[in-house]
Amino acid sequence: MNRRHSTIVTAVVAALMGLALLAPGSSAGSTATRTAVPAGGFEQTKSIDRTFVDDQGNVEKVGSYDLTVRADHTTDLRGRERVEVSWTGAPPSGGRASNPFGEKGLLQEYPVVVMQCRGTDDASLPLDQQVRPETCWTSTFSQRSQIAVSPYEALWTVDRYATDADRAPLSGADRLPADTCKEAQSDDTYTHVTPFVAASGKVFLACNRDTMPPEAAVDAAFPPSEIAAFTDGDGNGSVDFEVRSSAENESLGCTREVACSIVVVPIAGLSCATPTDPAVPAGVSAVLGKDCRQFGEHPSGSSNFAGDGIDRAVGPGLWWAASNWRNRVSIPIRFGLPPDACDILDKRAPVAFSGSELMAQAALQWAPAYCLNKKRFKFQLNQMPDQTGWNLMQTGGSPAAFVAAPHEQTGPDPVGYAPTAVTGFAIGYVIDRPDNAGVYTELRLNARLIAKLLTQSYPGSALGKGHPGLADNPLSLQLDPEFRALNPGLTDISSEAGATLLSLSNSSDIIQQLTDYIAQDKDATSFVAGKKDPWGMVVNPSYKKVDLPTGEWPLLDTYEPQTNDECRQANPAVYFNQLAAPVTTLRKIADALIDAWPNVQTRCVADLSAATKAWKLGRIDRQSYGARFMLGIVSLGDAERYGLQAASLKTSGGNFVAPTTASLSKAVGIARQKKGDPRGPFVLSQKDLVAAKSAYPGTQIVYTAARTHGLEKKQAATVASFIRIATSEGQRAGRANGELPAGYLPLRKSGPTARLWHAAQDTARSIEAQKAPASDEPKGEAAAPATPQAGAPGAAPAADPGAAAPAAVGEQQEVVTAQTEAASSTTALSMLPALLVIGMVAASASLVTRLMALRRRWSA
Amino acid sequence: MVVNATLTVVALLCLWLVVHLLFLGAVSHDRAQSLLHSELRSQLAGATAPVGPVTEPGAPVALLSIPAIGVEETVVEGTAAGDLFAGPGHRRDTVLPGQVGASTLYGRSTTYGAPFRDLDRLAAGDLIKVTMAQGKVTFRVLGLRHDGDPLPQPAAQGAARLTLVTAAGEGRFARMMPGSTVYVDAEAAQGFPAPAGLSPSVPESEEAMKSGTEALPLLTLWLALLIGLVVATQLARQRWTRTQVWVVGCAPLLALSWLTTDTAMRLLPNLI
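As given, the protein sequences belong to chains E and Y, one line each in that order.
Just so we're aligned, residue 1 is where the first sequence starts under my numbering, counting upward by one.
Just so we're aligned, residue 1 is where the second sequence starts under my numbering, counting upward by one.
Think of the hints as simulated: they come from the structure by calculation, not from any bench.
Some clues are possibly wrong.
30 Å max Cα-Cα, derived DSSO-like pairs, lysine-lysine [to be verified]:
hint	chain 1	residue 1	chain 2	residue 2
1	Y	136	E	714
2	E	749	E	378
3	E	290	E	46
4	E	347	Y	136
5	E	749	E	693
6	Y	129	E	714
7	Y	136	E	713
8	E	666	E	522
9	E	375	E	713
10	E	713	Y	129
Among chain Y residues calculated to face chain E with C-beta under 8 Å, some are [to be verified]:
hint	residue
11	3
12	10
13	14
14	15
15	17
16	110
17	145
18	146
19	148
20	151
21	176
22	178
23	180
24	183
25	209
26	271
Source: prediction; values computed, not measured.
We treat Cβ as the ideally placed atom computed from N, Cα and C, and that holds for glycine.
Based on the sequences and whatever the hints tell you, model everything.
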């Protein structure tokens, strides 16, 4: 009675506090708090409780919570995007697992189960559009079904809210086919299946591994995203929940058209029915009644790394049980257009802009705003190294290029730079703090640490220790005293993934800027030059005095370790290249970080069944949750989209700057355009950026570069209209079509980006005008058509008046042209007459001599 | 006797050259045109006709038709003297006729069929029709240019410009003494898109009124064979009758002379 009293008091106090927090709104919390929700976000408060029914039928409330669930954004989601789901007022968790995802998270107490389900929580909709346990995705059958459980453990049958059907020995399905669900067909056991209903309507019974949807296969392409998350002692918790579109999970089938929800099921414990059920033997019901009324073995905040047993009444395995399911909060989510929407919806030929992947996330949102508007053109981004895109643009292979740095002009036509986006790169990372203390979010790096990673100066493992000169270097970043000084409290277990920074294999303006950041730093350059760092670490001799900065990072090491390892003997390879294993796109790096799956290629797989022992080297396993440590170069757009952490980089005065709106704005303020070149690029010198202390060194301005002369009129108009749309409509921050995604700093008419905005308009005008360059105007047009001076050696191609002096000159306007210098040839002039004359003369002379000879003969 | 024989040989040689240039060349030109025309026809029908920027020299690239002066010729790629034996040649550092930009065609005015003999009779407004891989284009002649005349106005955006070039003479014996060049400019308002990657220049031997020395080694070979043939006939003469030697020797002699002359003509300016 005492206990009951205290819980009531607690509940009342909690309710009062909740009301106080919500003031000055009405008691209908959801409407009151909606004002605080960011656009496209979600917030809902729900009262949940746990009740026991005793022998006499009295209902005792043993727990009551006011759960508030928030989500930061819910609209226009893309596949693999992460949504931050947070909650307050949930019961504190205990027995925390090291990996809460998928079935690894089953052995926890009082977690909050977060899943993605098809449908929305609206009773007015037809059943197939509603959220049900059958439409919720789990990646294993054990998360959704209880197969052949002893009657003493079938807790769901004593659920207070369970229907009669749920209390039967087989529930969830009318019957199980004998051939596929053998495990479930044993007598005197209880089975509950939660079938999965795929988007196609196909029903997967989920009674064993074989009756799950194909996406749930062991080692499927994507790791589990559903999570049994942890709530701290104050009832707060949050997860970055990764949503999957139909491209990633076809069975779940969430698209723009098919509404889905993120369902948050707080596990507050089963509510138990009266323990005396006449239908159940007394011994069984006594055990079930006792087990159902458990409050957990693990104290709140504790960990359960060993995987000890839990009180299943408060575990996540029964999330589908009626008393848990009724506590759910459904966050309706809506996906954006799939990336291939324009290809499907618009049959016109695309206008492909070539270049930087920094534009990928912006282009994803921008493209539909062009292709779905018949008055506009079909915009398409063809990702390629900046220099390749630039070259294509110069030769006319592409109307415009996206570049993130000034490039050398090698074509005959002048090129204008129109600033189109301010974004940049980041050193993305996924690092767990030791002892399950959560994700590390404050990584700080300096230029020398990046130089150490890029120059492959960490041996990585004992194999790399054999590399001449590297024997005394710390094995990986985790053991480097310099890194530990900047980032205290991290693990001191080395790993191969910690010895490398996953980077790009091809040329990129990002690599150019990153290496420029190293090059401006005195400590880093002297380290690369061969000087020991204060802790005695030296650069990998293969990279000693490597050229900095460079647009393309080379793989220079050639060390092949000598070991007794059969696999390595069968597959000799350069060890450090296997560690670095750079990839071709930033998206691949982002994917590797989302999955915490380093691209280190040192795993040996043996196929011993083969007649000849076959060994192969491959990518190492995904890192396990709680022990993740991986770094990679990502674009700011990807980092924001996929919820990746971005490291703070060191600037002068010991400051560390993370990519934020403020630090990007500051960097843009430093950018300088060359005087007298209003259509030229803005130069972001790393020296200036670092000296500015609070500017982010990874800031990059992406330009739409196009020829201001020599471009076809229609294309020129297209490019100009793109620049104008991109710098007006395209700079509204948001998630919808045509808006600017997070990770980009909007260009505005005023403020720090004003100069960029004006330069873009200026360049758009001159691209549209396609005027011949001013310096050539007086002479060039007159001289260039002087083509039929073909006789003069080295003259321009004959008769080029068309190509060289284009539309800049109006039709009416007479141009003073040069004089024709006709080719001539004395051979041509005199050859035929000469031949004729000589021929005639010789013929007549021969005739005369012949006649004379005849006469002489006659006279003789 | 020696003087007489020398004079006879010189006379024969000179007159043979004249005959070859003016008459026999026309025969070989007509034959080449007939072959080129059917080749281009089948390529156009099969959509395999070249669109540039790089085409094998000597291949047919377009059909040129100038009704005003009765020209109906297949244009070949390249403007070296040897290419122009077959018909008008397209200068390789310009776009193909009909494509946006400036295109230049060279043609002979006097020898080898003289396709551009009457070019100087064209007047502003005359039509020039070109059929090439991308379609048909009708050009309108802008005017005729001789040495010292101003160049035409720059072409408008998207227009195709065509310049025909041939040799021309002055005075009474203009036909026989083509020492200078004449240019005919024509324009079509709308051209076909031209592929990028045009060669920036051509060898000197392909410029107007130029000749190359590339044919010299071949010429040496033909002359050696000719000498060999003469020696052979002399030797044969000792065993056979005069008639037999003539019968046997005549065909090789004609063939070799023809080849030798053709090769030698490649040493002469390309536009005559």
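Quiz prompt | Violated hints - listed by number, lowest first | solution = none
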